[in-house]
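Number of protein chains: 2
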Amino acid sequence: MSANKKARTQPPYELLYWPGIPGRGEFIRLAFEAAGVSYRDVAVESEHAMAVINSLISQESTGSDGNPPAFAPPALRIPGEGKNGAPLLIYQTPSILSYLGNKLDLAGADEAEKAWVLSHTLTALDLNNEAHDTHHPIAVADYYQTQKEEALKKSKDFRQARVPKFLSFFERVLKGNHAQGQAKFLVGSSLTYADTSLWQVLDGLQFAFPKEIEARKKDYPLLFGTFYHSVKETKGIKEYLGSDRRQPYGMGIFRHYPELDRQ
Amino acid sequence: MSANKKARTQPPYELLYWPGIPGRGEFIRLAFEAAGVSYRDVAVESEHAMAVINSLISQESTGSDGNPPAFAPPALRIPGEGKNGAPLLIYQTPSILSYLGNKLDLAGADEAEKAWVLSHTLTALDLNNEAHDTHHPIAVADYYQTQKEEALKKSKDFRQARVPKFLSFFERVLKGNHAQGQAKFLVGSSLTYADTSLWQVLDGLQFAFPKEIEARKKDYPLLFGTFYHSVKETKGIKEYLGSDRRQPYGMGIFRHYPELDRQ
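Protein sequences appear in the order of chains A and B. Just so you know, we're using our numbering here: the first sequence kicks off at 1 and counts up by one. Just so you know, we're using our numbering here: the second sequence kicks off at 1 and counts up by one.
Just chain A, with the same shape it has in the complex:
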């Protein structure tokens, strides 16, 4: 994007997500913050965020401005980049990150790296989804209390089988890329949206399952000894995490129910 165009459409990006939780919107926010690119965050900046999102995912919508409907937030709106100069609307976290990664120089250096960055991001988001399902194993729209018994079983399997499977995998990714990435980057020798996305999941897991992760950290020295702190200290990310733009965890994907953690 030329400097002229950037100036003309400032702020060029609009993030549409639920207010009140970091949620899946956080993966998009971290990409913007790492790149130092401004964006309008409807969840934080608009008093009408709920209405905006409810309209976005209306069961009556067939899309608008040449865009398809969106299944769920987050969505990204980019003025002027759609059909015939209309706003472009993209939904689905990995699809937004894939599009945005290229624009923000966070997608990898060549075609192979771009593929791996997307692959690792999808794997981090799978772990994110499984963390969500620990407190909602039966029905996403029902209360935790109605499925607490099943949540206890699901969490046990998640902590004992799934968490080590995923963490071991990412430890090996860092090891395989160590000559280039120095355990600071999953792919190549610079930050990508795979790094910021995995970081968010590791951070959320430490909030939701503090005892479990604390007990396992020593098994993944690259992940928790180098990678996690390195991403957290990255310019842009560090400032963001210290600002009031970073929302606290709450009743979203990562919830701290002590009974679901290691006892």
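None of these hints come from the bench; they were simulated from the model. Some hints here could point you the wrong way.
For identical chains, the list gives no copy identity; a pair is met inside one copy or between any two copies.
What the hints assert, rightly or not - Think about it this way: if two alpha-carbon atoms lie no more than 16 Å apart in a straight line, the pair counts; the simulated EDC-like pairs of lysine to aspartate or glutamate are:
| # | residue 1 | residue 2 |
| --- | --- | --- |
| 1 | K175 | D65 |
| 2 | K165 | E60 |
| 3 | K153 | D133 |
| 4 | K218 | E171 |
Here the structure is a predicted model, which is why all the values come from computation and not from measurement.
Chain A is fixed; fit chain B onto it per the hints.
What follows is chain B alone, placed relative to chain A:
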């Protein structure tokens, strides 16, 4: 890819997936078959498929040939396209489809369409994953029989809340794109990997939940009246589905447990 290069590296693509089930490998197969591009299918063509896949996802692997390790199959190996002329290895279904879609001309006509094709594919794969979780709501590595009680609850929510939510969404996508796609294509005016991927999920749902889908078909006239049949009759797809390369459903993602269907 130039004609020369194509001839030189024939067969250029190698699909790595578990033998014996269509599974997530099927989304990759359908893209190849729709494009009429040959590929080596390890699950079908090799006697050592299990060993190949177990090696691919070994808990010791840090990758090879400059590629990262793979978390799970499917993976795609493309000779000569990796670092320094090594084979390129990509894992994660949506990442493979995104890469392959561009090569096979199944990804959409421009940047906006490419984003939507990936987004809709991710949504179809979310539905695919939720269908899997109906029979494995607690622990993916345990037997169905150990989590049957929870599966009955999960399936009820899936059939009553999730299936109509997803099907209504895709019906509206077809409606919104009707002027171009004539209800035959989700995006634009030609076949994409979003179409073949959604088709596979609709087909699997009819196998796993025949009563539920039969009862709901009338609510989604574009999806089941036009789209499903149109994709099935597509050149390449039609021949594939009539061949012995198409494997039957079994103990994979889509399983027909009558007790989980509408009673």
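K175 and D65: within-copy, between-copy, both or neither at 16 Å Cα: between (46 Å within a copy, 14 Å between copies)
Intra- versus inter-copy proximity for E60 and K165 (alpha-carbon distance at most 16 Å): Classified as between: cross-chain Cα gap 11 Å, same-chain 41 Å, threshold 16 Å.
16 Å Cα threshold - placement of D133 relative to K153: both (11 Å within a copy, 14 Å between copies)
Copy assignment of K218 with E171, given that the CA separation must stay at most 16 Å: within (11 Å within a copy, 49 Å between copies)
Of the numbered hints stated above, none is contradicted by the structure.
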